[in-house]
Amino acid sequence: SAVISQKPSRDICQRGTSLTIQCQVDSQVTMMFWYRQQPGQSLTLIATANQGSEATYESGFVIDKFPISRPNLTFSTLTVSNMSPEDSSIYLCSVAQGAGNTEAFFGQGTRLTVV
Amino acid sequence: GESVGLHLPTLSVQEGDNSIINCAYSNSASDYFIWYKQESGKGPQFIIDIRSNMDKRQGQRVTVLLNKTVKHLSLQIAATQPGDSAVYFCAESHHSGGSNYKLTFGKGTLLTVNP
Numbered sequence: 001s002a003v004i005s006q007k008p009s010r011d012i013c014q015r016g017t018s019l020t021i022q023c024q025v026d027s028q029v030t031m032m033f034w035y036r037q038q039p040g041q042s043l044t045l046i047a048t049a050n051q052g053s054e055a056t057y058e059s060g061f062v063i064d065k066f067p068i069s070r071p072n073l074t075f076s077t078l079t080v081s082n083m084s085p086e087d088s089s090i091y092l093c094s095v096a097q098g099a100g101n102t103e104a105f106f107g108q109g110t111r112l113t114v115v
Numbered sequence: 001g002e003s004v005g006l007h008l009p010t011l012s013v014q015e016g017d018n019s020i021i022n023c024a025y026s027n028s029a030s031d032y033f034i035w036y037k038q039e040s041g042k043g044p045q046f047i048i049d050i051r052s053n054m055d056k057r058q059g060q061r062v063t064v065l066l067n068k069t070v071k072h073l074s075l076q077i078a079a080t081q082p083g084d085s086a087v088y089f090c091a092e093s094h095h096s097g098g099s100n101y102k103l104t105f106g107k108g109t110l111l112t113v114n115p
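Protein chains in written order, with our numbering: chain A, 1 to 115; chain B, 1 to 115.
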């Protein structure tokens, strides 16, 4: 399975500021995804990071709030913009591998606290 | 979207016992299912997967059962160990063969193994 590294692993940020989270994979992958996991809850897909084109966002998530970059097949960034305390969550990068790109593996996550 | 509560379903077992964690899914078109284990402070870890053309799949100490008729998935852990204590999530996908593979996660179950 791919090894996925996220940076930072955690951060405490002031409201109104922005944070960019990096996701690096040790092999080329076609599909990369960003998820949010609010405290004590399950994972919700934010968007699919498409290499060379704009990300595909899920309902309830918009590019202005969560801009995503995917410059190549091993790297992606997620920015959480104009943060508020409601954005305090774990943000997780995921990649799909295996036959048919079905097996999804996750990074260790970025724990964000907005104060 | 799916509504989730602040409290996870919990399962408490004695070390050495077998554990069964259940999951109900809603999309009858889902054709691929994964179980994840998430330990505190870590990202979800892939445990085992199953496709809709199967009703049972076994791994090392784990078995996944799929009942498509009632849209139910279960994870059985044999001889549960303290290291199995974690939150377990089921995830479903409808892999249409297009470029937008994505997972929908269940609420999660907290497994506690007592020594």
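No lab work stands behind these hints, which were simulated from the structure alone.
Take the hints with a grain of salt, since some may be wrong.
[Stated by the list, open to error] Derived contacts from chain B toward chain A, CB cut-off under 7 Å, selection only: (1) 25; (2) 42; (3) 43; (4) 46; (5) 68; (6) 71; (7) 103; (8) 108.
[Stated by the list, open to error] Chain A residues, not near chain B, derived (Cβ > 12 Å throughout): (9) 9; (10) 15; (11) 19; (12) 22; (13) 48; (14) 67; (15) 72; (16) 75; (17) 81; (18) 88; (19) 106; (20) 109.
[Unchecked claim] Within a straight-line C-alpha distance of at most 20 Å, the following computed EDC-like cross-link-like pairs (lysine to aspartate or glutamate) qualify: (21) 56/B with 103/A; (22) 102/B with 86/A; (23) 107/B with 39/B.
From the three backbone atoms N, C-alpha and C, an ideal C-beta is built for every residue, glycine too.
Now for the hints, and whether the structure bears them out:
This hint is violated: residue 25/B has a C-beta 13 Å from the nearest C-beta of chain A, more than the 7 Å allowed. Hint on residue 42/B holds. Least Cβ distance to chain A is approximately 6 Å, under the 7 Å limit. The criterion of a C-beta within 7 Å of any C-beta in chain A is met by residue 43/B, whose closest approach is roughly 4 Å, and the hint holds. With its C-beta approaching chain A no nearer than about 6 Å, residue 46/B sits inside the 7 Å limit, and its interface hint holds.
Nearest Cβ of chain A to the Cβ of residue 68/B: about 17 Å, over the 7 Å cut. The hint is violated. Against a cut-off of 7 Å between C-beta atoms, the interface hint on residue 71/B is violated, since the closest Cβ of chain A lies about 17 Å away. Look at residue 103/B: its Cβ gets to within about 6 Å of chain A, closer than 7 Å, so that hint holds up. Interface restraint check for residue 108/B: the shortest CB-CB distance to chain A comes to about 5 Å, inside 7 Å, so the restraint holds.
Here residue 9/A does not stay apart from chain B, with its beta-carbon only about 9 Å from theirs, under the 12 Å limit. Once the 12 Å rule is applied to beta carbons, residue 15/A is consistent with being away from chain B; the minimum gap is 23 Å. For residue 19/A, the condition that its CB be more than 12 Å from all CB atoms of chain B holds, with the nearest at approximately 18 Å. At roughly 15 Å from the closest C-beta of chain B, the C-beta of residue 22/A stays outside 12 Å, upholding its exclusion from the interface.
Once the 12 Å rule is applied to beta carbons, residue 48/A is inconsistent with being away from chain B; the minimum gap is 6 Å. No Cβ of chain B comes within 12 Å of the Cβ of residue 67/A; the nearest lies about 19 Å off, and the non-interface call holds. Residue placement check: residue 72/A keeps its beta carbon more than 12 Å from all beta carbons of chain B (closest about 17 Å). Distance check on residue 75/A: its Cβ is at least 17 Å (rounded) from any Cβ of chain B, clearing the 12 Å threshold; non-interface status holds.
Even its closest Cβ contact with chain B, about 21 Å, leaves residue 81/A beyond 12 Å, as expected for a residue assigned away from the interface. With a least CB separation of 14 Å from chain B, residue 88/A remains clear of the 12 Å interface cut-off, as annotated. Under the 12 Å C-beta cut-off, the non-interface status given to residue 106/A relative to chain B is violated; the minimum distance is some 4 Å. For residue 109/A, the shortest C-beta to C-beta distance to chain B comes to about 5 Å, within the 12 Å cut-off, and the non-interface label is violated.
Restraint check for residue 56/B and residue 103/A: the C-alpha separation of about 17 Å stays at or below 20 Å, so the hint holds. Between residue 102/B and residue 86/A the alpha-carbon distance is near 24 Å, which puts this suggested pair outside the 20 Å criterion. At roughly 15 Å between alpha-carbon atoms, residue 107/B and residue 39/B fall within 20 Å of each other, so this suggested pair holds.
When the structure is compared with the earlier hints, violations turn up for hints 1, 5, 6, 9, 13, 19, 20, 22 and for no others.
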